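**Q** Take a look at the letters that make up each chain.
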Amino acid sequence: MAAGGLDRSLIGLVRTTADRSDLVAGVEHRLRDVAKVVRRSMLDTMPDGEPSQWLYAPMREYPSRPGKALRPALCLSAGRVFGANADDLLGIAVAIELLHNAFLVHDDIADGSEMRRGRPTLTSTYGTAAALNAGDGLAVVAGQVLRRATRRFDRDLADLVWSEFDTMAMRTLEGQATEVGWQLDDVYDLRPEDYLHLIMHKTCWYTTIHPLRVGAIVGSGGTVDLAPLVRFGFHFGAAFQIRDDLLNLIGDERMYGKEILGDLYEGKRTLPLVHLLTNSQGDDLVLVRDYIRRTRAERSPELVCAIRELMDVYGSIAFTREYAEGILLVAEEYFDQAFADAQPGDDLDFLRALVPYVWARWR
Amino acid sequence: MDRGNRDGNINELPWASVFDPAANARALSAIQAEGFRAASELVDRFVRIAATGVGGNARSDARSDGRSTPSAASLTQDQRADLFGATDIEPLIRSWWSMVGQFLLGSVPRATDAPAADPATLDFSNSEAQGRLDLDATGPGTTTAEVWLHNRAAKDLGEVALRCSDFLAHDGGVMGSGAVTFIPAAVPMPGRSSRGIELKIEVPQEVQPGLYRGTLLVEGHPELWLPVVLTVRSSVS
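Chains as they are written, first to last, in numbering that gives the first Met the number 0: chain A, 0 to 362; chain B, 0 to 236.
To be clear, the hints were calculated from the coordinates, so they are not data collected in a lab. In this text, all values refer to a predicted model and were calculated from it rather than measured experimentally. For glycine and all other residues, C-beta sits at the position ideal for the given N, C-alpha and C. Be aware that one or more of the hints could be misleading.
With a cut-off of at most 20 Å between alpha-carbon atoms, the simulated SDA-like pairs for lysine to any residue come out as follows [unchecked claim]:
1) B:K199 to A:R150
2) B:K199 to A:R147
3) B:K199 to A:R146
4) B:K199 to A:R151
5) B:K199 to A:D86
6) B:K199 to A:D158
7) B:K199 to A:D153
8) B:K199 to A:S123
9) B:K199 to A:T222
10) B:K199 to A:R154
Computed, partial: chain B to chain A, Cβ under 10 Å [as the list claims (entries may be wrong)]:
11) F35
12) A37
13) V42
14) R194
15) G195
16) H220
17) P221
Heads up, incomplete: computed chain B residues facing chain A, CB under 8 Å, no partners named [what the hints assert, rightly or not]:
18) I30
19) A32
20) E33
21) V46
22) A119
23) F123
24) P226
Given the sequences, and given the hints that come with them, work out the whole structure.
**A** Written out as structure tokens, the structure is:
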């Protein structure tokens, strides 16, 4: 594929193998730095004392494990390019990451997952009840941290940040609830648009859109135009989620940190599965629908592998990749609109490198 | 690279088509076009509705009554669901705010580019108090307001705590200061710092509707004080 004659920054960034490894290394270096600071701050905010074994110790587990720290990194950089100082942002970034950890704990319970960030889930180590409490605890601490962080703002700005936070949390729950409904009601007449609608709520709002928006609000004192940020955030977030779904199907467990094919055991409505449901025929369709109707425990490894193979036969994986490429098509355009008034520098470079990074990490 | 992943090398990814809008008019496959279109339509819906004044950055447009703004009223069921979710939580919050706002701010919370009503402040460096604290409660329940403390000088004032008087109504009705808590109870005030303290009133069951007045004082700083006005409204309307 020639990139001849194109000098747009993204294409420049990924033109050669050397550039690509620079880009990946640069983004990962930044994420690692942010992760370190945010992890320390999260653990600092965690209450100490009793009951330690069944509450505070489990609450500390996910925040201590190495996570990507994408959300806080987005918030910090988006804030700084619009003029915020790091002190105004760190608490907000930490609150987002704590709420993310709370969601992860509850997700793992709902999904019956066994692995998270390369180690056993809270629910498999401590049981459902203790894990539920730990998840609740993390959400409460996230609120405490945000309250402390917004005390330094004037009242209108603090209100705005809080209303963004509440909206984000509700959006995520709406997405989660929609997905649960699809599974409980054995819904299979889904289109790719339905899937996008789902991840807009379930993933994009809290992974990319909210961190970018709230950073930009704080940085600009509420004056920045948020619409292009929603566009950029959604396109980037959707690509990020679809990549994650694909990695679950094609990746390796050590790198991925979760069970491979875990989504298939769960019956999660990912884009490849949506494609397979609409395109498989005859006996294959019967098999896929039977698979959908079963519970997680009833989905044998043989059945899961058969479904995975059908995804190759029907081109579901190739479809997903191409569909996602289409979503990314305009991400750069939106990036330029969203950050037209932003200050150049390391933070802006980091944000600009994220979309090609998502694709470069695709291996 | 595993099965199903046809691009073995990053350089084979169609970067040119993905990132160059001019080139992709030709190079876009049918599937890419489908993803592009679906994503754009979805995000447009969110952005468009937000821009018409109900949510997001255009919240200042929905000023008087969140439930009856024209833009909110003209939304379809789907659009409402997109924006507010099944809970319709945002209009609820807005209408609640507009009610409180009649007493507190005179309007629902505005975007930060709108000028704020003067917040209640206590300035230690020039011993100046500004504004007043207005609280509103419908029947028994909790109501809060915030006061800002400023220490513009370099001197560390140590821990500062506030104190509140009993509240008195024109007909002699009294609400004791025991109903008041400060969050946090005390704040450190190092040089060149500002702190916000929340005043929380737990309006007891037996308090009659009416206008109650009290005084906010600062321990160790007798020259600083602020009026506090609590409006208790009947919970049956």
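**Q** Flag every earlier hint the structure violates by its number, smallest first.
**A** 5, 8, 9, 16, 17, 22, 23 and 24
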